[in-house]
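*Asks:* Produce the complete structure using the sequences and hints provided.
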Amino acid sequence: MNTRKDLLGLEEITAEELGAILDTAEAFRGVLDRPIKKVPTLRGKTVANLFYEPSTRTRFSFELAEKRLSADSLNFSASTSSAVKGESLKDTVRNIEAMGVDFVVIRHGASGAPHYIARNVHASVINAGDGQHEHPTQGLLDMFTMRRKIGRLQGIKVAIIGDIAHSRVARSNIWGLTKMGAEVRVCGPSTLTPMEVEKMGVTWTWRVEEALEGVDVVNILRIQKERQSANLLPSLREYSLYFGVTPERLRRASPDVVIMHPGPMNRGVEIAQEVAEDPRNVILDQVTNGVAVRMAVLYLLNGNEPASREAEMATVEG
Amino acid sequence: MERWEAMRMTEWDSMKRVLLLSGVEVLNPETGKKVRQDVMIKDGHVRLVAAGDHPDDAVVFDLTGKIAVPGLVDIHVHLREPGDEDAETIASGTAAAARGGFVAVASMANTKPPIDNPQSVRFVLERARQAGMCRVYPMAAVSQGLEGKALTEMFDLAEAGAVAFSDDGKSIMDANLMRRALQYASMLDKVIVTHAEDLHLKGEGVAHEGYMATKLGLKPVPRAAEEVIVARDIRLVELAQGRLHVAHVSCGTSVPMLREAQKRGLRVTGEVTPHHLLLNDTVLEHYDPRYKMAPPLREDSDREALLEGLKDGVIQAIATDHAPHTEIDKDAAFDEAPNGVVGVETAFSALYTGLVKTGKLDLAKLVYAMSLGPARILDIEHGPVRDGGPADLTVLDLDASWTVKADEFVGRSANCPWLGQALQGQPVMTVAGGRVLYHHPAVGTTKAHGLLTR
Numbered sequence: 122m123n124t125r126k127d128l129l130g131l132e133e134i135t136a137e138e139l140g141a142i143l144d145t146a147e148a149f150r151g152v153l154d155r156p157i158k159k160v161p162t163l164r165g166k167t168v169a170n171l172f173y174e175p176s177t178r179t180r181f182s183f184e185l186a187e188k189r190l191s192a193d194s195l196n197f198s199a200s201t202s203s204a205v206k207g208e209s210l211k212d213t214v215r216n217i218e219a220m221g222v223d224f225v226v227i228r229h230g231a232s233g234a235p236h237y238i239a240r241n242v243h244a245s246v247i248n249a250g251d252g253q254h255e256h257p258t259q260g261l262l263d264m265f266t267m268r269r270k271i272g273r274l275q276g277i278k279v280a281i282i283g284d285i286a287h288s289r290v291a292r293s294n295i296w297g298l299t300k301m302g303a304e305v306r307v308c309g310p311s312t313l314t315p316m317e318v319e320k321m322g323v324t325w326t327w328r329v330e331e332a333l334e335g336v337d338v339v340n341i342l343r344i345q346k347e348r349q350s351a352n353l354l355p356s357l358r359e360y361s362l363y364f365g366v367t368p369e370r371l372r373r374a375s376p377d378v379v380i381m382h383p384g385p386m387n388r389g390v391e392i393a394q395e396v397a398e399d400p401r402n403v404i405l406d407q408v409t410n411g412v413a414v415r416m417a418v419l420y421l422l423n424g425n426e427p428a429s430r431e432a433e434m435a436t437v438e439g
Numbered sequence: 015m016e017r018w019e020a021m022r023m024t025e026w027d028s029m030k031r032v033l034l035l036s037g038v039e040v041l042n043p044e045t046g047k048k049v050r051q052d053v054m055i056k057d058g059h060v061r062l063v064a065a066g067d068h069p070d071d072a073v074v075f076d077l078t079g080k081i082a083v084p085g086l087v088d089i090h091v092h093l094r095e096p097g098d099e100d101a102e103t104i105a106s107g108t109a110a111a112a113r114g115g116f117v118a119v120a121s122m123a124n125t126k127p128p129i130d131n132p133q134s135v136r137f138v139l140e141r142a143r144q145a146g147m148c149r150v151y152p153m154a155a156v157s158q159g160l161e162g163k164a165l166t167e168m169f170d171l172a173e174a175g176a177v178a179f180s181d182d183g184k185s186i187m188d189a190n191l192m193r194r195a196l197q198y199a200s201m202l203d204k205v206i207v208t209h210a211e212d213l214h215l216k217g218e219g220v221a222h223e224g225y226m227a228t229k230l231g232l233k234p235v236p237r238a239a240e241e242v243i244v245a246r247d248i249r250l251v252e253l254a255q256g257r258l259h260v261a262h263v264s265c266g267t268s269v270p271m272l273r274e275a276q277k278r279g280l281r282v283t284g285e286v287t288p289h290h291l292l293l294n295d296t297v298l299e300h301y302d303p304r305y306k307m308a309p310p311l312r313e314d315s316d317r318e319a320l321l322e323g324l325k326d327g328v329i330q331a332i333a334t335d336h337a338p339h340t341e342i343d344k345d346a347a348f349d350e351a352p353n354g355v356v357g358v359e360t361a362f363s364a365l366y367t368g369l370v371k372t373g374k375l376d377l378a379k380l381v382y383a384m385s386l387g388p389a390r391i392l393d394i395e396h397g398p399v400r401d402g403g404p405a406d407l408t409v410l411d412l413d414a415s416w417t418v419k420a421d422e423f424v425g426r427s428a429n430c431p432w433l434g435q436a437l438q439g440q441p442v443m444t445v446a447g448g449r450v451l452y453h454h455p456a457v458g459t460t461k462a463h464g465l466l467t468r
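Chains as they are written, first to last, in my numbering: chain A, 122 to 439; chain B, 15 to 468.
FYI, nobody ran anything at the bench for these hints, they're computed from the structure.
These numbers come from a predicted model, not from an experiment.
Even for Gly, the Cβ is constructed at its ideal location relative to N, Cα and C.
Careful, some of the hints might be misleading.
[To be verified] Result set (DSSO-like, lysine-lysine): computed pairs, CA atoms no more than 30 Å apart in a straight line: (1) A:Lys270 to A:Lys158; (2) A:Lys320 to A:Lys300; (3) A:Lys346 to B:Lys277; (4) B:Lys374 to B:Lys325; (5) B:Lys374 to A:Lys346; (6) B:Lys229 to B:Lys47; (7) A:Lys320 to B:Lys277; (8) B:Lys229 to B:Lys163; (9) A:Lys188 to A:Lys320.
[To be verified] Covered, in the sense of this in silico footprint (three residues per stretch, anywhere, with C-beta under 8 Å from a C-beta of chain B), are these stretches of chain A: (10) 309 to 318; (11) 355 to 361.
*Replies:* What follows is the structure in structure tokens.
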């Protein structure tokens, strides 16, 4: 990982690299529990955060990770930038690079946009979500959270439930988890399941009860209202009745099942109110862990050696 | 009092009695085998017994020379309730079907309002239960309001009792909606029944596009209107891995497409109506609106190909597309008359007369396509008349001759293409779940008669 230029997806990352990222993230997770949550690692480096799609969680998480690493951040959001004046993606990124940026974090609605940028700039590019393709740091933070809760990824059973077809979170989870030896089941209506998804190394069923049988983790994906107008669903009501994760359905899972959701949640649609409030849910841990994982990714892409799980990071003094 | 009400009054509690169908021949339509065998019906089940081997108080029907077959099933009827109760009701339509030998019908969703919500499905089932005639398997709409725009809540509809989904009456023109419907219904293992008539190719057409339409100056509907939808839906069923049933196939050219799809292992079935098997567009000569239907009557080459498809199993079912209309509505200029004919009371007789008596089709094939074939398309449990099996059967009198008369229909409407015709072969007894829904006054012992007539 420390020899890579970019992090574009988990598909191309090896199990060894994944292990190194998660171990390094563990070291940074320790930093976040300290009174002074800052290390000097990226002092003098500049990160441009390019968000062409609305985001709160991911954008804040990256910004915070950059600040904790002592990097300088530039923030770009599509609505307040020259993108509204019709500047092309390529020109925007080249201009930003001319300003001496070391890292580009990009969220874009077009699948493959980060790959396009990565080919055109010298800076390291981190995919913060591209269309329906991948969201590698979300996949990493989900895996990190699972590993922290359960102690391992090898052999654990994970159900990913919801709109698989349009989900970059699902794809990154699938690539990452299967590489680490987890058993992944995807579940959702056939109309929201992409063609030949089994070839990614997972099993599929539309029956939520079946998918949840004995799982250690359930990752619940957001259902967007637009799916209704595209005739992929008759109604959100029917979705919640037959595909929503409810306390009754969750009884099929392992008693200490880890409940995850990448957010933002539609309570009462894909996740029942009681499940959203279930003590086994780690949705807020996911948010905290996201910062540590993103710190680890920036740190490794900067060329630093991976840290061991127990490594101590030197805190910035003043 | 209406005729269907009279029929219901002749009902007696056959469930509390042991029935004996004596002297009957039992036909298994799958094997074609006919066995002379007394049939005892007790507690809703069939017992095949030796002659004389029955309780003394059994109600005996002397059915010597008659044939017992699996109860007939019609998977395409319009019962018109709610909305057009003047043309037909669930009670009158199911009584009419029982008279025609049907133990079960599947009802279409294009009522007013349409059957596109669980409450409406339950309404149909409840009305059918109250009527106590043949069973009704309601189909629900594919799209909300039959508008062809948004999917219905199929899980909820199936849970309420919908047996399949159809926007019958018109084609779903949005291919993506059709794809998603097939895909969504596949989770429930339910069939989408397609009405294959491209709306734009059909336009305002009322008659098959051929010499007759040319001569009569009637607006034409080309075969391509059906062909393009059949071809499209076969492609979509392959993409969606769903189940497709093509309603009322009218074109001979659709048959090879169905055959090819089935050969490739796609789950595609088809049905044909009695009128498309028996009539061609030459009957339009006098602009009689009784022959106006959608899809339209076509040519002899179509009839022949449809019959071939039926014989070799590409088309698994005959369904009547029973479409009642009041005389006031139907008696209009050809262009302005509504589409459709009634069929449940005449289907067997018309087909027996037109196809079996003329040597074009085996009796066993005809019975199969009117009973087990259609039941299998919709996963309705059914089987040959057998010892221990459920008592869902129909008794046929192949020697009976009768003339179709408008004022003798049990159903409320008489828009029938066979009016005034002498037909041969008639269902004379219909038993569903061990209950006698109907029997012709001419069959049965004196003892039974005493019980059965008012």
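*Asks:* With reference to the structure, classify each hint as holding or not holding.
*Replies:* How the hints compare with the structure:
no.	hint	result
1	A:Lys270 to A:Lys158	holds, 23 Å
2	A:Lys320 to A:Lys300	holds, 14 Å
3	A:Lys346 to B:Lys277	violated, 40 Å
4	B:Lys374 to B:Lys325	holds, 10 Å
5	B:Lys374 to A:Lys346	violated, 56 Å
6	B:Lys229 to B:Lys47	violated, 48 Å
7	A:Lys320 to B:Lys277	holds, 27 Å
8	B:Lys229 to B:Lys163	violated, 38 Å
9	A:Lys188 to A:Lys320	violated, 40 Å
10	309 to 318	holds (count 3)
11	355 to 361	holds (count 4)
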